[in-house]
Amino acid sequence: MRVIVVEDGLLDREGLLRVLSRLSHRVVATATRPEGVPALVARHRPDLVLLDVRLPPTGTDEGLRLAVRLRRDFPAVAVLVLSRYVDDYAAELLRENPSRVGYLLKDRLADAAALDEALHRIAAGGIAVDPDVVALPLAAHGGLRALTRRERDVLALMAQGLSDRGIAGRLHIAEATVSSHARGVFQKLGIGEDATGNRRVSAVLAYLADRRPPPGR
Amino acid sequence: MENPGFRAAAPAAGPAVRVAVPVMLGTGLAVVLGDAWLAARWGGHGAVFYTKELVQVTGWLVAGALVARIRPRSPMGVLMTLLGLLLAADAPASFALAAPGLALRVMATAGLLLTALQLPLGAHVFLAYPSGAVRDLAGRAVTAAGYVFGAVSVVLLAVFGPARPDGECRDVCAPLSLTSDPDAGRLTTQALAAGTVVFVLAGASVIVRRFLRAGGRERRLLLFPTAAMIIAAVLWASINLLGAVHLPPAGAPGAESVLAAAQFTSLLTVPAAFLLGQLRERLDEARVSDLVRGIAVLPAGRLEAALAAALGDPQLQVAYPVAGGWVDGTGAPVPVPEAPDPRRFTVVGPLDRPAAVLLHDPTLRDEPRLLEAVAATARLALENARLEAEVRARLAEVRASRARLVEAGDRARRRLERDLHDGAQQRMLRIGVALAEARDELRGTVAAPGTARLLDEAEAELREAVRELRELARGIHPAVLTARGLRPAVEQLALRSTVPVTLDVADLPRLDRTVEATAYFVAGEALANAARHARATSVRVRVALDGDRLVVEVEDDGIGGAAPGPDSGLAGLLDRVAALDGALTLHSPPGKGTMLTAELPAHPPAPPLPPAPPLEPPCG
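Protein chains in written order, with the UniProt record's numbering: chain A, 1 to 217; chain B, 1 to 620.
Please keep in mind that the hints were generated in silico from the structure rather than gathered at the bench.
Just so it is clear, the structure is predicted and the values come from calculations on it, not from any experiment.
Mixed in with the good hints, there may be bad ones.
[What the hints assert, rightly or not] Covered stretches of chain B, as calculated for chain A (at least 3 residues, CB under 8 Å):
no., region
1, 420 to 430
2, 456 to 469
3, 478 to 490
[To be verified] Here are the simulated distance ranges between beta carbons:
no., chain 1, residue 1, chain 2, residue 2, range
4, B, A544, A, R150, 36 to 44 Å
5, A, L23, B, I476, 29 to 37 Å
6, B, R399, A, G190, 51 to 59 Å
7, B, R413, A, L11, 37 to 45 Å
8, B, A544, A, L23, 47 to 55 Å
9, A, A124, B, R413, 38 to 46 Å
10, B, A305, A, R95, 33 to 41 Å
11, A, L11, B, A408, 25 to 33 Å
12, B, A438, A, H44, 27 to 35 Å
13, B, D546, A, L23, 53 to 61 Å
14, B, L469, A, R95, 28 to 36 Å
[Unchecked claim] Calculated Cβ distances over 10 Å to all of chain B for the following chain A residues:
no., residue
15, T30
16, P38
17, T58
18, T60
19, L109
20, L144
21, R170
22, L205
We put the CB at the ideal spot given by N, CA and C, even for glycine.
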């Protein structure tokens, strides 16, 4: 697929370009600063934009803001945010527009297959959240407490963006069992049938959001 | 040249003044008696006219002598007495002496010529109030112009004489003059009256401007005399305006006599106001005795207020010299100009090693004895206060440097965190990419059987190393704190806690970085302790702004009994919080849980002291 890379770190950029070319993706443009990126996207109409969460000028969260903006302005273009932090930026990203978007740790660069899978998934309209981000210890409170352990496992894999079949493979159970666990999750989280098609996303959001500690009293 | 401080004792009144004033007073009173005799014998007006004239003259004489007695060093009394003497001497010029013989004509003529000096000397006295010296440029210019105008008037009057009234001889009748052209006399009188109007208005404007520019203390002293002077000046100007516009002065007696009465009253009010003003300053000295009584038990913090009260100068400031500048009683820096106005600046103690300097209203320098008394009284207390201020200033500096150390430490931590991400972690990822490529290369070749396994091991180790490095960087300084501030950072902390956390974190504005980091570390340390030592089952974290304080409160339901050991994280936090001028309290009764509360200033720290000006005598 056609990709634009936005990354200011020299080593990371080189590494990314090498991995992408090995995966036979075509990098149509690269940028080191966020300002010109929307124009680049408008010109090249790539399938996906890969960007670092930390970009100049302040090197804090410019990449995240750029990602949110790109999703809003170019709904057909997928955005994958790469980060070195496990911080909870993923929920923020998904809340804005829970499709064609992903949040991965840069560790995944070394795992070409996982990166490729995530790229294809979000380019096809899905989401991808890094397993390490999803795996942050669950606080023992909130709506998630009602879930069984298996249901929680299924939900965590859904949050990473896996399909029922992918989850079945990962957990070594039948796909039908996964579907039944998923129904249990939707029911316990109060996600109704009318939320057609987006029940998974709603569940994932609930999952990511619910890990935030609740406000006191 | 003026002495910079009052180190030198105020010089005693010179013998000239001590002798001159009584002599002038005696002479003046004698002349008044002579005037009275002339008036009784040949006066053409009613008794009321002469009485008011002579009362006014006597008023100036007596007030001048009293002022000279109250303020022997000030020329004010001499000037006032001199004016009285002049008024006494020129009074016969307006007496309308009937049946003038030559002797009386000579006397009236002399009086008339002296009358020309009334204006300049009067202006001099007005402009010299209250110190006795005309100090400002405008005042000096007006005074000098007055004397020139007076001299010209004398010449003109001597040559052309005054205007002669058409009707009954009421004022100066037939004085001697070199010419006797009635038109020239009339013209002279009119011109002089007009000149007087202009001159009086110029002088009045100087006085008004001075009043408007005066500080609080000076205004208080000037209010009454200024009002009296301005009224007198306006009336004087009005009468001369009438005289300049329609001659003869005998014209409309009604309006003019009302004006004259008003002028008389106001002219008499001026010496009274001057006398009262000087008396009031004298009363200030009584307050010194209050100061003497209270100063032994006065806390250093109230010294400035007590001195301000004793000197009657609410704006008074006390500045103490410390290494590196001037500070007030609290140790806060005070701006003292490089070359202070010597009239607003008084050194207490030896010039090379002063106990303090007083920054005060310039009029206080006209009362050196008051200043001297107050300073002598307060010297010991000021010396003590200086020592205290010095300690406070040092303490403030130590505090500031401690806060700077913490700040520098935080900066280093932020940089380290960034360097770990940008340096080591990037390189480790490159290794990961290279390993993955190596595995690709191996695929399909016949390699040693252990190679693939070694690659797997290396990748697994690398993944773990990257994870550990990430957590290390987070522990050094969390990126989310820099990027998003305290609330998201605390939320992340809570997310990672193994003990369930209830958060009560207000929406906070971004605060000083060091304060945010300190609050974060307090919450982190308390959460870690709750999980590690307290065996808590729940923790509550509250972060809120309370006025200009940021409050962080972490409460668990664990076993309590926590105490900050010498090398514990808590001890480090105590230092850190104290360095920011905050307070950290630990409440941990055994068996009843632990509550750690930090209060931090929610604003940036104060700037350091300004550089010190050299302490030199304020005037050369």
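Cross-check of the supplied hints:
| no. | hint | result |
| --- | --- | --- |
| 1 | 420 to 430 | holds (count 7) |
| 2 | 456 to 469 | holds (count 5) |
| 3 | 478 to 490 | holds (count 7) |
| 4 | B:A544 - A:R150: 36 to 44 Å | 40 Å, holds |
| 5 | A:L23 - B:I476: 29 to 37 Å | 34 Å, holds |
| 6 | B:R399 - A:G190: 51 to 59 Å | 55 Å, holds |
| 7 | B:R413 - A:L11: 37 to 45 Å | 23 Å, violated |
| 8 | B:A544 - A:L23: 47 to 55 Å | 50 Å, holds |
| 9 | A:A124 - B:R413: 38 to 46 Å | 42 Å, holds |
| 10 | B:A305 - A:R95: 33 to 41 Å | 59 Å, violated |
| 11 | A:L11 - B:A408: 25 to 33 Å | 29 Å, holds |
| 12 | B:A438 - A:H44: 27 to 35 Å | 33 Å, holds |
| 13 | B:D546 - A:L23: 53 to 61 Å | 55 Å, holds |
| 14 | B:L469 - A:R95: 28 to 36 Å | 29 Å, holds |
| 15 | T30 | 16 Å, holds |
| 16 | P38 | 22 Å, holds |
| 17 | T58 | 8 Å, violated |
| 18 | T60 | 3 Å, violated |
| 19 | L109 | 5 Å, violated |
| 20 | L144 | 12 Å, holds |
| 21 | R170 | 18 Å, holds |
| 22 | L205 | 16 Å, holds |
Hint compliance for this structure: hints 7, 10, 17, 18 and 19 are not met, and every other hint is.
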